[in-house]
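Trainee: So the sequence lines, in the order shown, correspond to chains A and B. Read in order, the letters of the first sequence correspond to residues 2 to 345 in the numbering used here. Read in order, the letters of the second sequence correspond to residues 2 to 345 in the numbering used here.
Quick caveat, the hints were computed from the structure, so don't treat them as lab data. Here a beta-carbon is modelled for each residue, glycine too, at the ideal position from N, C-alpha and C. Wrong hints could be hidden among the right ones.
What the hints assert, rightly or not - Now the stretches of chain B that chain A is said to cover, found in silico as 3 or more residues with beta-carbon under 8 Å: (1) 42-53; (2) 144-153.
What the hints assert, rightly or not - Among the chain A residues that face chain B by a calculated CB cut under 7 Å, a handful are: (3) Lys4; (4) Val34; (5) Gly37; (6) Met59; (7) Ile61; (8) Ala103; (9) Glu107; (10) Thr108; (11) Leu110; (12) Val131; (13) Ser164; (14) Gly166.
Below, each chain spelled out in residue letters.
2 protein chains.
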Amino acid sequence: LVKIKDCSEEELVRRLHDMLGTSMPQQGSEGKVVCGVGDDAAVMETGPDRYLVSSCDMMIEGRHFDLSYTHPRDLGYKALAINLSDMAAMGATARWAMVSLAIPAETTLHFWEDFYRGMLELAREAGVAVVGGDTTSSSTIVVDVFVMGEVFPQQLICRFSASKGDCILVTGELGSSAAGLYWFQEASMRGIMEKSRANPLIQAHLRPVPRYREAAVLRNSRVGAMIDLSDGLAAGLRGICAASNTGARVDYNLLPYRPEAELLAEKAGHSLQDWLLYGGEDYELLFTVPQQYVDSLKQSLEVETGTPAVVIGEVTGPEKGMILINKSGAESVIDPGRCYRHFT
Amino acid sequence: LVKIKDCSEEELVRRLHDMLGTSMPQQGSEGKVVCGVGDDAAVMETGPDRYLVSSCDMMIEGRHFDLSYTHPRDLGYKALAINLSDMAAMGATARWAMVSLAIPAETTLHFWEDFYRGMLELAREAGVAVVGGDTTSSSTIVVDVFVMGEVFPQQLICRFSASKGDCILVTGELGSSAAGLYWFQEASMRGIMEKSRANPLIQAHLRPVPRYREAAVLRNSRVGAMIDLSDGLAAGLRGICAASNTGARVDYNLLPYRPEAELLAEKAGHSLQDWLLYGGEDYELLFTVPQQYVDSLKQSLEVETGTPAVVIGEVTGPEKGMILINKSGAESVIDPGRCYRHFT
Numbered sequence: 002l003v004k005i006k007d008c009s010e011e012e013l014v015r016r017l018h019d020m021l022g023t024s025m026p027q028q029g030s031e032g033k034v035v036c037g038v039g040d041d042a043a044v045m046e047t048g049p050d051r052y053l054v055s056s057c058d059m060m061i062e063g064r065h066f067d068l069s070y071t072h073p074r075d076l077g078y079k080a081l082a083i084n085l086s087d088m089a090a091m092g093a094t095a096r097w098a099m100v101s102l103a104i105p106a107e108t109t110l111h112f113w114e115d116f117y118r119g120m121l122e123l124a125r126e127a128g129v130a131v132v133g134g135d136t137t138s139s140s141t142i143v144v145d146v147f148v149m150g151e152v153f154p155q156q157l158i159c160r161f162s163a164s165k166g167d168c169i170l171v172t173g174e175l176g177s178s179a180a181g182l183y184w185f186q187e188a189s190m191r192g193i194m195e196k197s198r199a200n201p202l203i204q205a206h207l208r209p210v211p212r213y214r215e216a217a218v219l220r221n222s223r224v225g226a227m228i229d230l231s232d233g234l235a236a237g238l239r240g241i242c243a244a245s246n247t248g249a250r251v252d253y254n255l256l257p258y259r260p261e262a263e264l265l266a267e268k269a270g271h272s273l274q275d276w277l278l279y280g281g282e283d284y285e286l287l288f289t290v291p292q293q294y295v296d297s298l299k300q301s302l303e304v305e306t307g308t309p310a311v312v313i314g315e316v317t318g319p320e321k322g323m324i325l326i327n328k329s330g331a332e333s334v335i336d337p338g339r340c341y342r343h344f345t
Numbered sequence: 002l003v004k005i006k007d008c009s010e011e012e013l014v015r016r017l018h019d020m021l022g023t024s025m026p027q028q029g030s031e032g033k034v035v036c037g038v039g040d041d042a043a044v045m046e047t048g049p050d051r052y053l054v055s056s057c058d059m060m061i062e063g064r065h066f067d068l069s070y071t072h073p074r075d076l077g078y079k080a081l082a083i084n085l086s087d088m089a090a091m092g093a094t095a096r097w098a099m100v101s102l103a104i105p106a107e108t109t110l111h112f113w114e115d116f117y118r119g120m121l122e123l124a125r126e127a128g129v130a131v132v133g134g135d136t137t138s139s140s141t142i143v144v145d146v147f148v149m150g151e152v153f154p155q156q157l158i159c160r161f162s163a164s165k166g167d168c169i170l171v172t173g174e175l176g177s178s179a180a181g182l183y184w185f186q187e188a189s190m191r192g193i194m195e196k197s198r199a200n201p202l203i204q205a206h207l208r209p210v211p212r213y214r215e216a217a218v219l220r221n222s223r224v225g226a227m228i229d230l231s232d233g234l235a236a237g238l239r240g241i242c243a244a245s246n247t248g249a250r251v252d253y254n255l256l257p258y259r260p261e262a263e264l265l266a267e268k269a270g271h272s273l274q275d276w277l278l279y280g281g282e283d284y285e286l287l288f289t290v291p292q293q294y295v296d297s298l299k300q301s302l303e304v305e306t307g308t309p310a311v312v313i314g315e316v317t318g319p320e321k322g323m324i325l326i327n328k329s330g331a332e333s334v335i336d337p338g339r340c341y342r343h344f345t
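Only chain A is shown next, with the shape it has when bound in the complex (with noise of 0.2 Å):
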């Protein structure tokens, strides 16, 4: 019999696309499903110029999460992040939020209290409103969070819409999470690096920052595919890759990083590489544009927002696949596969 982890994840999602995609009512004009499973969000039509935007992500104890460097309002906060920086992928403006909470019947209340206080730190930063949810017990906690937004149809961005020659780029640093982890998990331990020096990589990890504000930028800018790095870079570029039916060439000497992540992986003998093409819970938003407007986009986001965006390569066409140029010029294949999987 197979099992699900004998299955890569593009064959879960090609095979639920497959069952789910015959299985829509037929129904008229409204309520018209525009994305459903593949993309960073559910998009439907409410009304003549309206779409609603829904995604959902669930987080597990002792998978995803740590308590035992976690405090609950960072938790709280993450699994909304999480959620927005899906919309922001989509350039849709995240609005409502319900919050499922599975959690031991010991917990005490000031936890569960200060997972609500963390989320809504964030929501209102965000203007987002936390409308409900549901609480029920368990042995381990378990979070699911479900954000609704909404996006005007010409704002839109999906995955599929990379085009040939677009420019790739990226907001902020890459790798900054992966390595606030393996901070917490390996070089605290060690005594590699005081806890003051890694916080910017710490603070990455616990409490990224969705990119909401640079979405609003970019839904009105020519952006082509855009997709949020929550897997990491490769599952990243793979995700717009497959979808628009193109390739990437990625030069390694552009991937923008936080000094303290080149440090860490110095002191600790961890290759820099793997967290910046394979490191996950970066949670920054990788996009295309036509070159011609890669100058203007930069400083737009700039101005309106402070965060940079850096190009790190070019959208080619899918028989060149998806290559890495590296340090010394030479070229080599990206590999998806070694970026986070849900199921080994």
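Take the given structure of chain A and dock chain B to it, following the hints.
Mentor: Showing chain B alone in chain A's frame:
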């Protein structure tokens, strides 16, 4: 330190309401939250004359279902059904669903596909599109379904609109699901009743039919308050009475039940009253109607959906509390604390 299990569910909902209520972003007419924490679903204003309604319900293996007698198709069906029931309780039309599913990597692909097949059976019937979700691995199965729907403002039915003197009605039969669960957990092992005989109870437990067709009639009728009976009749009554600031007087002799439930109770020496009053997961609708509209409403419901609704009591002033008239005509207090509790 106060723990979650030390708090009543009402206490948790009140605290959540206080935390979330004060955090709602000040928005204009669009995006306004009409109902938040404390009803079957959340209601948001998305445009003039247009409300978006959303609900979510999490099911955890070992707590909410037992795979030794629950087929994955039934699990997928029920995970959607309980959410469609929440939407029905608001008078809303469910349109889209998302699924977060955590399963062990060792699960067979066949199990996973059957789960979705069961969900899609109901989705097609109810005209709901399953638009996506999240799949991740865990040691036990967790299913969280999120449903979005729509309702016109004048058709929205909340818990807080019961009026003194209104009749209290319920659709279908009570206690069947609790009796079905009892059959699996106790009666089947002791050979008390044959499976074929218990089948209506078993089906009520494994495949509850959400009352969305009935809701389509009720939202165009003179219904005051409405709630679904996910946690039992007593909890449903409390939900309406607490929100509407009323009491209720229910006649035990009027409660509808299946003959198989009565027979099983007799044979097993179990209290039928316990199932009818405190048994959860019936997913029937409990609602209030001014007396002069009761007959025409019952007739419309029967003609348009084939589902009976019966008067089981009346709404009283809050000072009377919740009273049960028992078989012999004596009165006792209804204790919702005997219903399903999530943290004890």
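Trainee: Each hint needs a verdict: does it hold in this structure or not?
Mentor: Outcome of the hint check:
| no. | hint | verdict |
| --- | --- | --- |
| 1 | 42-53 | holds (count 7) |
| 2 | 144-153 | holds (count 4) |
| 3 | Lys4 | 6 Å, holds |
| 4 | Val34 | 5 Å, holds |
| 5 | Gly37 | 5 Å, holds |
| 6 | Met59 | 4 Å, holds |
| 7 | Ile61 | 5 Å, holds |
| 8 | Ala103 | 6 Å, holds |
| 9 | Glu107 | 6 Å, holds |
| 10 | Thr108 | 5 Å, holds |
| 11 | Leu110 | 4 Å, holds |
| 12 | Val131 | 5 Å, holds |
| 13 | Ser164 | 25 Å, violated |
| 14 | Gly166 | 31 Å, violated |
When held up to the earlier numbered hints, the structure conflicts with 13, 14 and fits the remainder.
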